[in-house]
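Trainee: Sequence:
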Amino acid sequence: RKNQGTGGGFDIHEFLSGKQPIQTHSSNDPNVECKADVITDLTDNSASVTRYLQLRFRANVHNMRQRLQPVYLSAVFTNLRTSNTNGGKYNSMTLTYRGNSQYSSEVITYQNGSCAVFSVKNTRDNPPSRPPLSTIEVRFRSNSEGNEPACLEAAMKFAETYARGHPPMKLLLPNCLTKALEKGTEK
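Here the sequence shown is numbered in the UniProt record's numbering, starting from 1 and rising by one per residue.
Don't read these hints as lab results, they were simulated from the structure.
Check each hint, because a few of them may be wrong.
Claimed, not checked - With a Cα cut of at most 30 angstroms, we get these calculated DSBU-like pairs of lysine-lysine:
no. : residue 1 : residue 2
1   : 19        : 121
2   : 170       : 19
3   : 121       : 89
4   : 170       : 157
5   : 157       : 89
6   : 170       : 121
7   : 157       : 121
8   : 89        : 19
9   : 157       : 19
Stated by the list, open to error - The following label-pair restraints were derived from C-beta to C-beta distances:
no. : residue 1 : residue 2 : range
10  : 100       : 149       : 29 to 37 angstroms
11  : 132       : 19        : 25 to 33 angstroms
12  : 97        : 164       : 12 to 20 angstroms
13  : 97        : 42        : 13 to 21 angstroms
14  : 46        : 149       : 20 to 28 angstroms
In this text, a Cβ means the ideal position worked out from N, Cα and C, and glycines have one as well.
The task is simple: from the sequences and hints, build the whole structure.
Mentor: Written out as structure tokens, the structure is:
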């Protein structure tokens with residue numbers, strides 16, 4: 001069992017491996033309504049990620065909602081916030097669009113079974129003059145029954161403490177993963 005900390009001993013490759021998609025349960029990014037990742041082409045130090053994302057945004061005085069869209073990303077695993085090589089395990093990944101412009105940097109700050117808390121520096125859609133948006137997200141590997149895993153409660157407690165006054169909120173679309181997987185099979 002992995003436990004809380006700031007980067008030591010966590011294994012992003014282990015968390016991403018497996019056949020089930022990864023769903024974002026909670027985020028303190030106010031624009032995210034739905035986020036689910038499908039991992040393919042996983043190697044020791046990289047992966048292909050299809051991130052299904054639905055955002056909301058304000059246009060004038062009305063809240064607008066984007067449709068659920070796939071974003072095709074490449075992940076390269078790295079070690080951040082560690083003074084050693086972490087025993088050959090990686091605790092973070094840099095995500096880029098397939099055209100190589102940066103999308104985000106994501107670090108595991110807590111890992112317990114099929115649940116993890118990520119600290120995300122998001123450059124998605126930011127002009128170069130603005131600093132990246134920093135968020136905390138609770139993610140879990142989905143199971144075939146569609147139930148939330150038992151490890152979510154402990155992950156949420158850690159995230160609430162780690163986020164220092166800006167705890168992640170549960171995303172509004174409970175059937176996000178189902179929609180993402182349906183969209184993924186439409187190709």
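Trainee: That 12 to 20 angstroms hint for residue 97 and residue 164 (C-beta), does it hold up?
Mentor: violated (30 angstroms)
Trainee: Need the status of pair residue 170, residue 19: alpha-carbon distance at most 30 angstroms?
Mentor: Measuring from Cα to Cα gives roughly 24 angstroms; hence the hint holds.
Trainee: Quick one: are residue 132 and residue 19 within 25 to 33 angstroms, going by C-beta?
Mentor: Holds: the Cβ-Cβ distance is about 31 angstroms, inside 25 to 33 angstroms.
Trainee: Take a quick look at whether residue 121 and residue 89 sit within 30 angstroms of each other, Cα to Cα.
Mentor: holds (21 angstroms)
Trainee: Between the alpha carbons of residue 157 and residue 19, is the straight-line distance 30 angstroms or under?
Mentor: Roughly 27 angstroms between the alpha carbons, so the hint for residue 157 and residue 19 holds.
Trainee: Quick check: does the Cβ-Cβ distance between residue 46 and residue 149 fall within 20 to 28 angstroms?
Mentor: holds (26 angstroms)
Trainee: Holds or violated: are the alpha carbons of residue 89 and residue 19 at most 30 angstroms from each other?
Mentor: holds (20 angstroms)
Trainee: Regarding the pair residue 157 and residue 121, is the alpha-carbon distance no greater than 30 angstroms?
Mentor: OK: residue 157 and residue 121 at ~21 angstroms, within 30 angstroms.
Trainee: Run the distance test for residue 170 versus residue 121: straight-line Cα separation, threshold 30 angstroms.
Mentor: holds (19 angstroms)
Trainee: For the range 29 to 37 angstroms, tell me whether the beta carbons of residue 100 and residue 149 fit it or not.
Mentor: holds (34 angstroms)
Trainee: For residue 19 and residue 121, compute the direct alpha-carbon distance and say whether it is at most 30 angstroms.
Mentor: holds (26 angstroms)
Trainee: Mind checking the alpha carbons of residue 170 and residue 157 for me, to see if they're no more than 30 angstroms apart?
Mentor: holds (13 angstroms)
Hint compliance for this structure: hint 12 is the single one not met.
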